[in-house]
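Visitor: Two chains, two separate frames, one set of hints: put the complex together.
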Amino acid sequence: KNEVEQSPQNLTAQEGEFITINCSYSVGISALHWLQQHPGGGIVSLFMLSSGKKKHGRLIATINIQEKHSSLHITASHPRDSAVYICAVMYSGGGADGLTFGKGTHLIIQP
Amino acid sequence: NAGVTQTPKFRVLKTGQSMTLLCAQDMNHEYMYWYRQDPGMGLRLIHYSVGEGTTAKGEVPDGYNVSRLKKQNFLLGLESAAPSQTSVYFCASSYAQVEAFFGQGTRLTVV
Numbered sequence: 015k016n017e018v019e020q021s022p023q024n025l026t027a028q029e030g031e032f033i034t035i036n037c038s039y040s041v042g043i044s045a046l047h048w049l050q051q052h053p054g055g056g057i058v059s060l061f062m063l064s065s066g067k068k069k070h071g072r073l074i075a076t077i078n079i080q081e082k083h084s085s086l087h088i089t090a091s092h093p094r095d096s097a098v099y100i101c102a103v104m105y106s107g108g109g110a111d112g113l114t115f116g117k118g119t120h121l122i123i124q125p
Numbered sequence: 018n019a020g021v022t023q024t025p026k027f028r029v030l031k032t033g034q035s036m037t038l039l040c041a042q043d044m045n046h047e048y049m050y051w052y053r054q055d056p057g058m059g060l061r062l063i064h065y066s067v068g069e070g071t072t073a074k075g076e077v078p079d080g081y082n083v084s085r086l087k088k089q090n091f092l093l094g095l096e097s098a099a100p101s102q103t104s105v106y107f108c109a110s111s112y113a114q115v116e117a118f119f120g121q122g123t124r125l126t127v128v
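Each protein sequence line maps, in turn, to chains A and W. Numbering of the first sequence is given in this note's numbering, commencing with residue 15 and proceeding in unit increments. Numbering of the second sequence is given in this note's numbering, commencing with residue 18 and proceeding in unit increments.
If we strip away everything but chain W, and leave its shape as in the complex, we get (with noise of 0.2 angstroms):
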């Protein structure tokens, strides 16, 4: 029972280049999360999705898409990265809203 994972670990891009971060979890889990970790904030949400086929928008959802095609799946998506996307990055997914499993984080450079 891997629980949540996400890959990559780290990853350095340049301004405009874009990227996918792929979430996955194997707790059959409805309800997944994008968050992003900032010095000096709390995590914030990105998108979130609370079942297969769908998503919706967080706090902060501008220049990042999402899809969630598959319920074990939710895929995080840069089009065009700026350096002010640069941010540790968490997936979450909980089932029923209770208890909430984290990844253990992406570390986004963009340069």
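Same shape as in the complex, but just chain A (with noise of 0.2 angstroms):
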């Protein structure tokens, strides 16, 4: 199947600091996921995209088609925001068969 890919895989930031999370695809899509994976927790949709740019409270989405390109945004970053985040998409075309998910970004917010 085509790849997902997320940088950084990993990342350690300042609370206050302004997070950026990348999110590649390979092939057309009709939606995009951004989840969200507290530790030992569940998988929390935060957005679902198919074009331009959507936020809610400190978080932000963006998804640029042409570039087969999205990126999660975290404003104003608070150690509760430390979780897995996870970018999935659907396939333009594809079956039934649900999401293909990246591998995540593991997050931690100092204090």
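Heads up, some of the hints might be wrong.
[What the hints assert, rightly or not] Straight-line C-alpha distance at most 25 angstroms; calculated PhoX-like pairs for lysine-lysine:
1. A:Lys117 to A:Lys82
2. W:Lys26 to A:Lys117
3. A:Lys117 to W:Lys74
4. W:Lys74 to W:Lys87
5. W:Lys87 to W:Lys26
6. W:Lys88 to W:Lys74
Calculated directly from the structure, the hints in this document are not laboratory data.
Guide: As structure tokens, then:
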């Protein structure tokens, strides 16, 4: 299956810093998801994008369809933002077999 | 509205034992999925279902069976557990392959 690449794999930052996590994919998609997973916890959907930009609180997600690239930004980061952030895509014209996932970005925000 | 509920949340099995993981959703979704999550890897699709009475193999189906006798339930079975099946299992459901809703995960250890 086509790959979904995330960078960085690990990121440690200080509270208050602006955070950017990147996701790239190889072929056309119908939708891209950003997911959050806290240690030992379930997976929560943060955003679903097919174009443009979405904002929810301190989180912003953007997607550039032509460049096959998406970014997740966290403004004014806080220790409670520490989690694994996962990018997942639904490929265009694919079957019903769901999402293809990146390996995740482990984010630690230190107080 | 409970969303997606997985049971059990934790389980330890001996090699060769069998068990069934239950996924229940109350959103009337047609699509349901079972994934496994292993360290250093993205979530991988085990089996999926596009509706009541239908199932299909995903990327890593060996050693697992599934059933979707009722629309709201998707069962994942391990007939003879192996240590390689130690993993965290996630169930997900979606409407028309758009939004994705995940359960809290089942942490399975096979000794």
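Visitor: Against which earlier hints does the structure fall short, listed by number upward?
Guide: Those not satisfied: there are none.
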